[in-house]
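Visitor: So in the UniProt record's numbering, spot 17 of the sequence shown is number 17, and the numbers just go up one at a time.
If you're looking for bench data, these hints aren't it; they were derived computationally from the structure. Keep in mind that a hint or two might mislead.
[Claimed, not checked] Cβ pair distances, simulated, as ranges: (1) Asn116 to Gly148: 20 to 26 Å; (2) Asp235 to Thr175: 24 to 30 Å; (3) Pro69 to Thr175: 47 to 53 Å; (4) Trp210 to Phe236: 19 to 25 Å; (5) Val214 to His185: 16 to 22 Å; (6) Arg170 to Ala80: 20 to 26 Å; (7) Lys90 to Pro212: 23 to 29 Å; (8) Phe153 to Pro212: 30 to 36 Å; (9) Arg237 to Trp210: 44 to 50 Å; (10) Gly148 to Cys110: 22 to 28 Å; (11) Glu137 to Pro212: 26 to 32 Å; (12) Gly148 to Asp93: 47 to 53 Å; (13) Lys75 to Glu53: 40 to 46 Å; (14) Ala25 to Leu74: 46 to 52 Å.
Predicted model only: the values in this text are computed from it and were never measured. C-beta: ideal position from N, C-alpha, C; glycine also.
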Amino acid sequence: MGNLANTIPTVDLSVFLRSDGDEAAKKAAKEIISRACAEYGFLQVVSHGIPLELMSRAMDLCKTFFGLPDEEKLKSIPRAGSPVPAGYGKQPDQSADKNEYLLMLPPNNCNNVSPNNPPGFRAAMEGMFTYFRLTGELIETILNDCLGLPTNFLKEYNQDRSWDLMSAKRYFTATETENIGISRHEDGNVITFIFQDDVGGLEVLRDGQWIPVVPSQAQGTLVVNVGDVIQASFDFRYISSWQNCKISRARWEN
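Take these sequences, add in the hints, and give me the full structure.
Guide: Structure representation (structure tokens):
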């Protein structure tokens, strides 16, 4: 079910999606999840209900979009006056975090700016957003039980889902002298899902050591990390760990 060695634990969520009511299996999975959140602030999940074909298609379409000429991508910049810069953006050249991204709010939000190119991109991204929300609600329910909270406490605490965010990111190629990615940070939200491509780069700080989170697309593995809201609201029982995404030249070439 999982391994709490010096790697991020992995949990199979299918036990929570089946109708057989295997309470012993659910209890065992919750124990691993609770320990992972307390010791790492991170875990990986498989068999989470998101179709693997959709995940693969969305990843391929993201790569196609980011490979388009700048003038095409710039057709999807955020609307003027939008409260959230939903759409395409690129970090300034002087920024240490060298990446470009596409930020999305929930489907049908009027602030979204969805690219028309490549064909099918919008539908795939909206499909991923919908499934991520369902998986997020499942994880919230599990964490709610692990923390011993009243029924639906986290669901009601995080009831307004209109400001949920999803972001596709592309990191530029590392150079001879410079690693590329997102610098050390904690997430300030409730929970985050991360779906990495085969290049990877995500690292988590634990006991002073950076632990690489090795991507595994074959199983549609999702990384789940606890944000500051959970850490601060529940007396640091679960931790919001420092993380970065470092793309080294050696890793890129591999």
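Visitor: So which hints don't hold here, by number, going up?
Guide: 1, 2, 3, 9, 10, 13
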